[in-house]
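Fit chains A and U to the known structure of chain R by using the hints.
Top to bottom, those sequences are chains R, A and U.
226 is the number that my numbering gives to position 226 of the first sequence; each next residue is one higher, with no gaps.
180 is the number that my numbering gives to position 180 of the second sequence; each next residue is one higher, with no gaps.
261 is the number that my numbering gives to position 261 of the third sequence; each next residue is one higher, with no gaps.
Please keep in mind that the hints were generated in silico from the structure rather than gathered at the bench.
Errors might be hidden in some of the hints.
Note that the list lumps identical chains together, so a pair holds whenever it fits in one copy or between two copies.
Said to hold, decoys possible - Keeping only pairs whose Cα atoms sit at most 25 Å apart, straight-line, the calculated SDA-like set for lysine to any residue is:
| hint | residue 1 | residue 2 |
| --- | --- | --- |
| 1 | Lys74 | Asn30 |
| 2 | Lys162 | Gly192 |
| 3 | Lys199 | Ala307 |
| 4 | Lys61 | Tyr40 |
| 5 | Lys141 | Asn200 |
| 6 | Lys54 | Leu77 |
| 7 | Lys129 | Ile105 |
| 8 | Lys61 | Leu77 |
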Amino acid sequence: MSNPFFINSGPFKISEILETLKIESEFDENRIVIDIKDLYNAKKDCITFFHLKKYNEIVKKTEASYCITTKNLKDYLPKNCTAIIVENVLIATSIVTQKFYPNSIEDEYDRTAININDTSFKDIVNAGKNVLVGNNVKIGKNCLIGHNSIIERNVQIGNNCKIGSNTILRNSVIKDNVTILDNCVIGKKGFGFFPSQSKNLRYPHKGIVIINENSEIGCGSTIDRGSLSNTEIGKNTFLDNQIHIAHNVKIGENTILAGQVGIAGSTIIGNNVKIGGQAGISGHLRIGNNVEIGGGSGVIKDIPDNAKVMGYPAKSIREFLKDNR
Amino acid sequence: MSNPFFINSGPFKISEILETLKIESEFDENRIVIDIKDLYNAKKDCITFFHLKKYNEIVKKTEASYCITTKNLKDYLPKNCTAIIVENVLIATSIVTQKFYPNSIEDEYDRTAININDTSFKDIVNAGKNVLVGNNVKIGKNCLIGHNSIIERNVQIGNNCKIGSNTILRNSVIKDNVTILDNCVIGKKGFGFFPSQSKNLRYPHKGIVIINENSEIGCGSTIDRGSLSNTEIGKNTFLDNQIHIAHNVKIGENTILAGQVGIAGSTIIGNNVKIGGQAGISGHLRIGNNVEIGGGSGVIKDIPDNAKVMGYPAKSIREFLKDNR
Amino acid sequence: MSNPFFINSGPFKISEILETLKIESEFDENRIVIDIKDLYNAKKDCITFFHLKKYNEIVKKTEASYCITTKNLKDYLPKNCTAIIVENVLIATSIVTQKFYPNSIEDEYDRTAININDTSFKDIVNAGKNVLVGNNVKIGKNCLIGHNSIIERNVQIGNNCKIGSNTILRNSVIKDNVTILDNCVIGKKGFGFFPSQSKNLRYPHKGIVIINENSEIGCGSTIDRGSLSNTEIGKNTFLDNQIHIAHNVKIGENTILAGQVGIAGSTIIGNNVKIGGQAGISGHLRIGNNVEIGGGSGVIKDIPDNAKVMGYPAKSIREFLKDNR
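Isolated chain R (complex conformation):
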């Protein structure tokens, strides 16, 4: 899916990008770079980044033409991909992303939003009182939007969707038959920045939130949009109340998350997974298909398909119950 919301200011010559990074060029200065993407999604003529050795299997297959990385990691790159060596990969990636997507850093309230009754949606959407809609919004047939909700700019809503009251959407694609209950915030920038003593440096969030068909999001939940990749909720996946989904998380289909669950950034969760209330999952993990995670668990490592785990740190539920007899 190409990015429907954040407009690419590129392409740029690689020499321009290197100049932004204050790196002296050693290679063909006129080659064009069309976009910045993560390792999975980068194509020829894109620039990507590689900062953790654990992604070494993925980097081998990247189609990117350039990769921001470190001296120590550069030898993992495939031949098609030229290394751009920096001290701090994430800061350099942030600077380049900002060059391509200057509007993806801050979430100022949407000044384009106006009352839905003053828009062409008036006749096709069944909306409550005081509903606001911003620019670049599409809404399908047979949708409900509750009182005081704000559909900020850059939102696509499919058919037969039900949005509750006091809910805020931005930078999101909502597919058909999705229900989002009251008091949610979907699509805000993720919690990503580089700590700095005087003033932390926020990095851009040009990813979006995608919520697929038939899913339901409970009251008071927050789903942050991705930084370079998207945050995505699979089909027919149900989230209970007060859940927090961080940036870049991907959750599969037919998955169930009970109340107050939290998923940290960039974690990938499979299909048919059940996660009990208040469980937390650390960032950058992979949770397989058909996994069951007990309520209150703290998951700090990958979980293979079909495993049932519980505890903090989470272990096999059999072991957990045995240890706590």
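Relative to chain R, chains A and U alone:
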């Protein structure tokens, strides 16, 4: 308390109910069934359900005339109660509940809600800006309702209540002297459905939320209404911020829940209980009177009266502290 | 910082205060008491309170002229400070605070709030739709306030601040360059009261919330104001979504709290601290500088500078990982 909000479409002949369940009738087809209720509340001529062996003491005393159950469990039923044998008790119960209460499945935003200044409450309620009120609402004397709050249809508020701003109430009975702070959602449908690969099947929530006298609910809390029984908060019970109370939970009097606590469905909590911050309690448990549960605990089994517990899984606090010296 | 919001009804003669407490006076009845403050902040002619032996080092240095305490603790007081002996220190403190600050107990919605377009802020603040502003509010240059947000009375906002949508502020001082995202409630009364069988007794919250320069508060967070002292977030400290900060908490500079963290009352957290998602910290603790607390941890004792901890209860991260290999 008879259900003040969800209108019973019955009575039905038992033969009609069996037909809905696609069960061939073996008994008097013309007998009338007046309502569907849980084991505790079902009276003569009601239908109830029994799906977990742990409720075997309760089922013995049920006054219901019919009970949806399984082959394995049917022998626990008392003589007055005819078993209706099904494969999956909860799905069958859902189907029958939907027959009696067809409007209890989805929480669409309340289209009957209008500005309080356009209602007769204008002169008796001290309301902020942009307050909405739906049909079938009662509000007592000397109440305050903060800005942007929505009192949806099917709400009764007693005297001297204080409702904060940005709060949503529906399908709830709020007794005298209750305080509900900002950004809460009280009375939405619970997180109850039957997982199914293509499209989960939501079951009806015809229960309500009851908040008894002198209680207080903190900011950003969610209290879901019950499925067949009610969700109830006892007198003079105080909840801190960001608490989640699931469907069918019952909390006693003079109980205190600190911030971010979560209580899973159908759990019953006694009087004079103290629950520390971020503690979680699994579903279908019984927590006695005068219990103290330490902050961060994960309770996964019943707790007797007067116990002090802590840990995950929660155990006696003495043992917890000894084990973690 | 003197209290900018809650107006002191004093001074009172000490005899008047003793009468309120129903204590027979044994000392100079005409001496004047100008204010009630905590042990740190009380000056000459103030009254303070001392209820936990763990504060014995602090009580030695208090400048207060009077101190509400118990028979057992009175010998810790310095010579300049006269003990007022009571059965229950917190109840007596509550009664005296209420005498000085009668308006600090309940958070009724702000009836002075009106649409920002009907105020003089219209031309200097970039505000969304339906923004309300109460009495005694100051807003600096170049600020944004999102749709439906409510700046209740007693708020000071510095320059270049960004307030999201659906957010409520009261009794708070927001310094320059602060970002507060959507659906937050900042400055409500804390969860402080004396349990009582028929009707809990709320104690006053005359403290405020201070959020210092360059900080950011995530969506759906709640920060309660202090009871006698203030709740304070240091400079350049970033909070993720759905965080709860209880009354009297003080967080240092350059500190990072990930999603769903909860900090119980009166805990003090240092500078450059990192707290992982869903971690909880008990009340009345001291967390040093440069501490790292792993996600999901439950901290129940003080943590010295530079420590890295994880687990429930939290211990050294090395030990935690070893124990859970």
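Comparing the hints with the structure gives:
In this assembly of identical chains, the alpha carbons of Lys74 and Asn30 lie at most 25 Å apart only when taken from the same copy (22 Å versus 80 Å across copies). Taking CA atoms no more than 25 Å apart as the test, Lys162 paired with Gly192 passes between copies only; the shortest distance there is 17 Å, against 30 Å inside one copy. Taking the closest pair of Cα atoms, Lys199 and Ala307 come within 25 Å of each other only across two copies (24 Å); inside a single copy the shortest separation is 43 Å, beyond that limit. Proximity of Lys61 and Tyr40 under a CA criterion of 25 Å is satisfied intra-copy only: 8 Å inside one chain copy versus 61 Å between copies.
Taking identical chains as interchangeable, the C-alpha atoms of Lys141 and Asn200 lie at most 25 Å apart only when they sit on different chains, with a minimum of 22 Å there against 43 Å within one chain. Proximity of Lys54 to Leu77 under the C-alpha cut-off of 25 Å is restricted to the intra-copy arrangement: shortest distance 13 Å within a copy versus 57 Å between copies. Taking identical chains as interchangeable, the C-alpha atoms of Lys129 and Ile105 lie at most 25 Å apart only when they sit on different chains, with a minimum of 23 Å there against 31 Å within one chain. Proximity of Lys61 and Leu77 under a CA criterion of 25 Å is satisfied intra-copy only: 9 Å inside one chain copy versus 63 Å between copies.
Comparing the model with each earlier hint shows no violations; every hint is respected.
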